[in-house]
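Participant: Now for the letters of each chain:
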Amino acid sequence: MIDLSWYLLLSAALFGVGTLVVLARRNALHLFMGIELMLNAGNLAFLAGARIHGGAQAPVSVLFILALAAAEVAVGLALIVLIHRTRGTLDVGSFNLLKG
Amino acid sequence: MLVPISFALLALLALGGALMLLFRRDPVDGVLSLVVTMLALAGIYLQLADPVVAALQVIVYAGAIMVLFLFVTMFVRRAEERGPLGWDRPRFALASIVAACLLGLLVQAIGAFGGNTPTHPGPPAEIAAIAHSLFGEFLYPFELVSALLLVAMVGVVVLGRRGEESS
Amino acid sequence: MPHSIDSLSFEASTAATIESLGQIVPELIVTCTVLAIVLVDLFFIRGKGKRQGPLEMVVLAGMGAALIATWAGFAGEPRAVFGTMMVVDPFSSFFDAVFLLATVLFVFSTMMSNEIAVADRSEYYTLAVGSVLGMMLMASSTDMVSIFISVEFVSLASYVMAGFVRGDRRSSEASLKYVLYGSVSSAVLLFGFSYLYGLTGTTSLIEANQVLYASNPYPLALLFALVLVIAGLGFKIACVPFHFWAPDVYEGAPTPVTAFFTVAPKAAGFALLSRFLVTLLSNPSTSPGFWTFLGSLDWPLLVGILAAGTMTLGNFGALRQTNMKRLLAYSSIAHVGFVLMAVSTLSPEGLHAIIVYMAAYLVMNLGAFLVVIAIRERTGSVDLRDYDGLANDAPMLVVAMVVFLYSLTGLPPSLGFLGKYYVFAETIRQEIWWLAAIGAVNSVIALYYYFRVAKALVFRPLRERQWTGAIPELATSLSVALAAVTLVFGVPWGAFEKVTTYSATLFLGR
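In order, the protein sequences belong to chains W, C and L. In terms of the working numbering, the first sequence opens at residue 1 and continues consecutively. In terms of the working numbering, the second sequence opens at residue 1 and continues consecutively. In terms of the working numbering, the third sequence opens at residue 1 and continues consecutively.
This is chain W alone, in the form it adopts within the complex (with noise of 0.2 Å):
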């Protein structure tokens, strides 16, 4: 068996790199999936910490995740789609008509 800290060495690696994408990407869907990654760095240390508690907490917690983020999703993406309908680009730089 391995050291714990290495699952949550990835998991802080994952929701680094997902907070990367957030911050430096202008297009709307990157961002997005970005914010995927970082829901999956925190499952991931979610079942990290059930390696040493046991139980069946961690896994329902994150089954309630799995559909929230579905959900997150479903809006997001319903969204995105109304965007680039209506102006043509995702890029969240020209999202700039409300100012001051």
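Worth flagging that the hints you see were computed from the coordinates, not collected in a lab. Just to be clear, a hint being listed does not mean it is correct.
So the derived list for chain L, only partly shown, Cβ under 8 Å to chain C, looks like this [said to hold, decoys possible]: (1) Ser13; (2) Ala15; (3) Thr17; (4) Gly83; (5) Met85; (6) Ala97; (7) Leu101; (8) Glu123; (9) Thr126; (10) Leu127; (11) Leu133; (12) Phe224.
If you want a taste of the chain C side facing chain L, the calculated C-beta under 7 Å gives, among others [unchecked claim]: (13) Glu137; (14) Leu139; (15) Tyr140; (16) Pro141; (17) Leu144; (18) Val151; (19) Ala152; (20) Met153; (21) Val154; (22) Gly155; (23) Val158; (24) Gly160.
None of the values given here were measured: they were computed from a predicted structure. All C-beta atoms in this analysis are idealised placements derived from N, C-alpha and C, irrespective of residue type, glycine included.
On the provided structure of chain W, position chains C and L as indicated by the hints.
Facilitator: Quick look at chains C and L alone, frame taken from chain W:
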């Protein structure tokens, strides 16, 4: 010996997919590399003795969610070809520095927390245990999720209808 | 926590679940209201000509019934229901009442606004009442899973509500920004929770509290988890440095939705934040009514710095706004700073101050938004430059607005003053002088921009212009009534004091 090697392989795959998402310009590449990450993570969940979550990861994440992503990406792709969206370079530089500092702190935290903890295999979370937990102590959140899905559904209907008018 | 899988314990837990259902009647009524809206729309409104009325009646009846149920449960013993998934205590009941009252005013403000097409109302109310269900859960959740679900619940409904104007690009832009920023904050919150679970081995905050006080071997990892959780929650209440989405979203959203957003989800966020901090971090062995906190970090200082930054940036942002929605958006950020000041004291008195402040903010801010909506009906604009001399056109409405602005500034006697009084009293009692000083300076800055609005309304001459409509009768009477409440409760009443003090009772599982 098998476990460390397979973990290393899966972790490399997962990280590689994530980095592809970060660096490839085309969102279709991004979706496909994210699928690789999801599948690699499913493998890691199997290693962590969570077969149920691993299966769900493949079905829900790699299957449903990423297919939805792929569909929408293909749908809106035309616009991207006209003006490919790349980077926000100054923000990337700044974000990298912030992320590096945070990761450094996090690694320190993990070093204290993960390293000292002996990992014991523990009883694998069987599907029966998960079901009992889900429909026992988590029954109320479970029911709430159904209400949440209703609300999300109404929301998507609203957004979808708006799209119809404007096109 | 390992769980035995014999059918006996499962049956027992099912029985406990059914018994718990009787404890959450207000939530059940709100759930039924959501379903009733969908069904009434389907069977009585679809295809029979769109008109205002039936849906509003359903929502108001549901909220009224839930309010009565909340009041009935208010005096009950604080208790945990569904295991330790959530708790029912005076604190949660009080916030439930705040959300329900905000929804009632929200329905009225929607009725007098033309921003939401009547044909879209059923979906609109479904989302709004759905988000209220989420907020009620936010105010009573004591488990990471139920916290995460409730936060997502409110967020998902809010994302769509922010974009609820047909053919308005600004509205859909506001919506997309909200989804992106909001989802990021959810992911950050989740990552924090995953570490918290790894450290304590339980998703229940009450159990986690006991575990942490029994042994806390990894303070750095705990600190990291808590900072992530506070960042995620700070995002939802728009505290600095996570506030940047708020002005855009509040400006782009339909005005009644903005009014609702500035009050109800914020109150829910504060209820959740204070419950989270107290339940997880306060020392279980100290006597009730006196809390000490896990000492890996100076929490009061950290939250105090956030509070100072939030109120200062909010106020300076508000100074240069000419759009009333944006001005009130920045002002709401400033008020978040004042409430955070109360959070930073981390004491039962501070909790009492939060409660009074949120009740005051509910009345005065929704009142101010009612006036903004009514003026928008009259002039077709939310720009401050179109407010000149409206006192000559709608005197009663302007008088009410002046009362709200006076109260938002925090001058006596008004509800706003009462809220600020408790916040400052507790800050000074704990001798956090620097924070009290920054708060005082900020109150003076706020005076300037609130007075600017009052000055335009009252002292400038009325310009010749094309009116786009009439001031709704309902708006005038409702805002005058709210203004009266603002002034009457500005004097400390014994009964009000008693109710709010009692509301500061939390169930901590000890």
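Participant: Interface hint check: methionine 85 (chain L), Cβ to nearest Cβ on chain C, cutoff 8 Å. Holds or violated?
Facilitator: With Cβ-Cβ at 5 Å, under 8 Å, it holds.
Participant: Can you verify the interface hint for alanine 152 (chain C): is its Cβ closer than 7 Å to any Cβ in chain L?
Facilitator: 5 Å, holds
Participant: With a cut-off of 7 Å on the beta carbons, see whether tyrosine 140 (chain C) makes it to chain L.
Facilitator: Hint on tyrosine 140 (chain C): holds, closest Cβ of chain L at ~4 Å, below 7 Å.
Participant: Is the interface hint for alanine 97 (chain L) satisfied, with its Cβ closer than 8 Å to some Cβ of chain C?
Facilitator: Since the shortest Cβ distance to chain C is 21 Å, the answer is violated.
Participant: Holds or violated: is the Cβ of phenylalanine 224 (chain L) closer than 8 Å to a Cβ in chain C?
Facilitator: 5 Å, holds
Participant: Let me know if the C-beta of valine 158 (chain C) comes in closer than 7 Å to any C-beta of chain L, holds or violated.
Facilitator: Holds. Min distance 5 Å.
Participant: For the restraint on threonine 17 (chain L), tell me whether the closest CB of chain C is nearer than 8 Å.
Facilitator: 5 Å, holds
Participant: Classify the hint on leucine 139 (chain C) as holds or violated, based on whether any CB of chain L lies nearer than 7 Å to its CB.
Facilitator: Holds, because the Cβ-Cβ distance from leucine 139 (chain C) to chain L comes to roughly 5 Å (cut-off 7 Å).
Participant: Have a go at the alanine 15 (chain L) hint: is there a Cβ in chain C nearer than 8 Å to its own Cβ?
Facilitator: 11 Å, violated
Participant: Would the hint on threonine 126 (chain L) stand, with a C-beta cut-off of 8 Å toward chain C?
Facilitator: 5 Å, holds
Participant: Glutamate 137 (chain C) was flagged as interface toward chain L. Is the shortest Cβ-Cβ separation under 7 Å?
Facilitator: Cβ of glutamate 137 (chain C) sits 5 Å from chain L, so the hint holds.
Participant: Would the hint on glycine 160 (chain C) be counted as holding, given a Cβ-Cβ threshold of 7 Å to chain L?
Facilitator: 11 Å, violated
The earlier numbered hints that this structure contradicts are 2, 6, 7, 20 and 24.
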